[in-house]
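Protein chains in written order, with the working numbering: chain A, 1 to 93; chain B, 94 to 453.
For the record, the hints were derived by calculation from the structure and aren't laboratory data. The beta carbon of each residue, even a glycine, is placed where N, CA and C say it ideally should be. Take the hints with a grain of salt, since some may be wrong.
[To be verified] On the chain A side, residues computed to face chain B include the following (Cβ under 10 angstroms):
#1 Asp12
#2 Thr15
#3 Gln19
#4 Leu20
#5 Arg27
#6 Asp32
#7 Gly41
#8 Leu46
#9 Ser48
#10 Leu53
#11 Arg56
#12 Leu76
[As the list claims (entries may be wrong)] Going by beta-carbon spacing under 7 angstroms, a handful of chain A positions derived as facing chain B:
#13 Val31
#14 Val33
#15 Phe40
#16 Gly45
#17 Gly51
#18 Thr52
#19 Ala67
#20 Leu71
#21 Asn72
[Unchecked claim] Far from chain A, some chain B residues (derived; all Cβ distances over 10 angstroms):
#22 Ser119
#23 Ala125
#24 Pro152
#25 Gly181
#26 Ala193
#27 Glu206
#28 Glu220
#29 Ser258
#30 Gly263
#31 Gln297
#32 Val419
#33 Phe427
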Amino acid sequence: MAGDTMTSDPDDVATQLRQLLADVTGRPELVDVPASTPLFGGGVGLDSLAGTLLLRQIQRRYGVDVAAEDLNLDSLQTLGTLTAFIVDRLGTG
Amino acid sequence: MTSDPVIKAVVWDIDNTLLNGVYLESPEQPPAADPVLAGVLMELAGRGILQALASRNPPEAADYVRSVTGARFAAAECGWESKAAAIGRIAAELDLPADAIAFVDDDMLERAEVAAALPDVLVLTPEDAAEAATWPQFSPAVVTAEARRRGELYAERRARQAAASAFGGGRDDFLRHVGTRIKISRARTADLPRLHELSVRTHQLNSAGEPVTEAELAGLVESAAYQVTTLRLADDFGDDGLVGAAIMTGNGAGEPVPFTAMVPLVMMSCRALGRGALDALLAWMCQAAAQAGATELAVPCLITDRNVPMRLALAAAGLRAEAGAVAPDGRAIFTRSLTGDLPALPEWASVEATPWQATP
């Protein structure tokens, strides 16, 4: 994919993921969410619907199928773990 | 409730919606038109309602659909970007407000994306669309009581979507704001037809991926070894009734304490997606199993690309499978310890279920 949004720079990926998170949850304030805030539960409150939409956007943008590669979806613990997971796949891809 | 806006245009998906299959998968002989939906399309067109296409396909797909349905389309958007963007362009081209547009797609996530981006659009499954010709939104003149009720359900959903997109806070704040009510009860005989229907129709939020017959369900409800628990959902916009259920059992004869509580099936209607219902049911299961003396909860879950929402809910409730432990039958067993902190039930959930007794 040759789009100008493709990047494997961790800071850029984290910024893009924050925007996707804000979009799928409808909460613009999440563009500032810290990398260590849990995505499930109290912090961000990512649920089945928002989580599925997020994974779908990630697959579209980065070509990374998180659900197929991460049985337990542990990569969705925090924005930091998700960024690391995607950067790792982009680096080896 | 104010009268629902009349639909002036229907935007159809192509693959597995207007066509009985996927256009690009058989280029020599693309699939035939779905006869039911093609009939609905022609019926609605005959009432003066505009028809349009929005599809992730090359433009030839629209020509093909025209040729097999004989329909005339007022607009066709074929391409690779989002359906919401396509519908936005169709609305602009036809000069219609979003609340005059219905969108039909077999893919739950396409529907969810459009509903989130364009909350005023009436979003329908192909099954909904098959009967939509009788709803007041499509036929102000001819309306049966059942059709009115179904039409109201969609009006409720649309009102809820509009409220959600206008609401600033987090999900739990929104659920509280709209008066969400969850009732967890023990299944009764009268629930069996609906439970069977849910076992057939739920895919995204279904752990087992296999239908359960009414007779099988009746046996489970009567068995002392199993507990079948139902979840009902309502809010200020409307009452969705019985939307989910879980089946729990012990792990063998005698149930030495400590034991593992097994969950052969947990399922939830996609109507309840995004409304905290599955999270509440999983929280109740953890608490009920812990109270019965279980030290572990185990949910065998089929691993498919369709039920990722179920896996997300399991992960959010703290359940994990052994890495790479997908059995030959396509399932992995997700477990969590029931000692220490358990997931909390939201304060809008009420529990009528009798305490679970793992052994007779």
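Evaluation of the provided hints:
At about 22 angstroms, the closest approach between the beta carbon of Asp12 of chain A and any beta carbon in chain B exceeds 10 angstroms, and the interface hint on this residue is violated. With a cut of 10 angstroms, the hint placing Thr15 of chain A at the interface with chain B is violated, because the nearest CB-to-CB distance is about 21 angstroms. Given hint, Gln19 of chain A at the interface with chain B, is violated; its Cβ is 15 angstroms from that chain's nearest Cβ, farther than 10 angstroms. Residue-level restraint check for Leu20 of chain A is violated (minimum Cβ-Cβ distance to chain B is 12 angstroms; threshold 10 angstroms).
Below 10 angstroms, beta-carbon pairs count as interface contacts, and Arg27 of chain A has one with chain B at about 7 angstroms; its hint therefore holds. The interface hint given for Asp32 of chain A is violated, since its Cβ lies 14 angstroms from the closest Cβ of chain B, which is over the 10 angstroms cut-off. Checking Gly41 of chain A against chain B by beta carbon gives a least distance of about 7 angstroms; that is within 10 angstroms, so the hint holds. The criterion of a C-beta within 10 angstroms of any C-beta in chain B is met by Leu46 of chain A, whose closest approach is roughly 7 angstroms, and the hint holds.
Because the smallest distance between the Cβ of Ser48 of chain A and any Cβ of chain B comes to about 4 angstroms, under 10 angstroms, the interface hint for this residue holds. Interface restraint check for Leu53 of chain A: the shortest CB-CB distance to chain B comes to about 6 angstroms, inside 10 angstroms, so the restraint holds. Below 10 angstroms, beta-carbon pairs count as interface contacts, and Arg56 of chain A has one with chain B at about 6 angstroms; its hint therefore holds. Hint status for Leu76 of chain A relative to chain B: holds, with the closest Cβ pair at about 7 angstroms, below 10 angstroms.
Proximity of Val31 of chain A to chain B is violated relative to the hint, the smallest CB-CB distance being about 14 angstroms (cut-off 7 angstroms). Interface hint at Val33 of chain A: violated, since its Cβ lies 12 angstroms from the closest Cβ of chain B, which is beyond the 7 angstroms cut-off. A distance limit of 7 angstroms between C-beta atoms decides the matter here; for Phe40 of chain A the minimum to chain B is near 4 angstroms, and the interface restraint holds. For Gly45 of chain A, the interface hint holds, the least distance from its beta-carbon to any beta-carbon of chain B being 5 angstroms, beneath 7 angstroms.
Because the beta carbon of Gly51 of chain A sits about 4 angstroms from the nearest beta carbon in chain B, less than 7 angstroms, this interface hint is met. Of the supplied interface hints, the one on Thr52 of chain A holds, with its beta-carbon coming within about 5 angstroms of a beta-carbon of chain B, less than 7 angstroms. Interface restraint check: Ala67 of chain A against chain B, minimum CB-CB distance 4 angstroms, threshold 7 angstroms, status holds. Among the interface hints, the one on Leu71 of chain A holds; its C-beta lies about 6 angstroms from the nearest C-beta in chain B, closer than the 7 angstroms criterion.
At about 5 angstroms, the closest approach between the beta carbon of Asn72 of chain A and any beta carbon in chain B falls short of 7 angstroms, and the interface hint on this residue holds. Distance check for Ser119 of chain B against chain A: the nearest CB is about 24 angstroms away, which clears 10 angstroms, and the non-interface claim stands. Annotated as non-interface, Ala125 of chain B keeps its C-beta farther than 10 angstroms from every C-beta of chain A; the closest such distance is 29 angstroms. Even its closest Cβ contact with chain A, about 21 angstroms, leaves Pro152 of chain B beyond 10 angstroms, as expected for a residue assigned away from the interface.
Non-interface status of Gly181 of chain B relative to chain A is upheld: no Cβ of that chain comes within 10 angstroms, the nearest being about 15 angstroms off. Annotated as non-interface, Ala193 of chain B keeps its C-beta farther than 10 angstroms from every C-beta of chain A; the closest such distance is 23 angstroms. At roughly 7 angstroms from the closest C-beta of chain A, the C-beta of Glu206 of chain B falls inside 10 angstroms, breaking its exclusion from the interface. At roughly 20 angstroms from the closest C-beta of chain A, the C-beta of Glu220 of chain B stays outside 10 angstroms, upholding its exclusion from the interface.
The beta carbon of Ser258 of chain B is not kept farther than 10 angstroms from every beta carbon of chain A, the shortest such distance being approximately 6 angstroms. At roughly 5 angstroms, the least C-beta separation between Gly263 of chain B and chain A is not larger than 10 angstroms, which violates its mark as non-interface. The Cβ of Gln297 of chain B does not lie farther than 10 angstroms from every Cβ of chain A; its closest approach is about 8 angstroms, which violates its non-interface assignment. Against chain A, the non-interface label of Val419 of chain B is violated: not every CB pair exceeds 10 angstroms, the least being about 7 angstroms.
For Phe427 of chain B, the requirement that its beta carbon stay farther than 10 angstroms from each beta carbon of chain A is not met, with the minimum near 8 angstroms.
Hint violations for this structure: numbers 1, 2, 3, 4, 6, 13, 14, 27, 29, 30, 31, 32, 33, all remaining hints satisfied.
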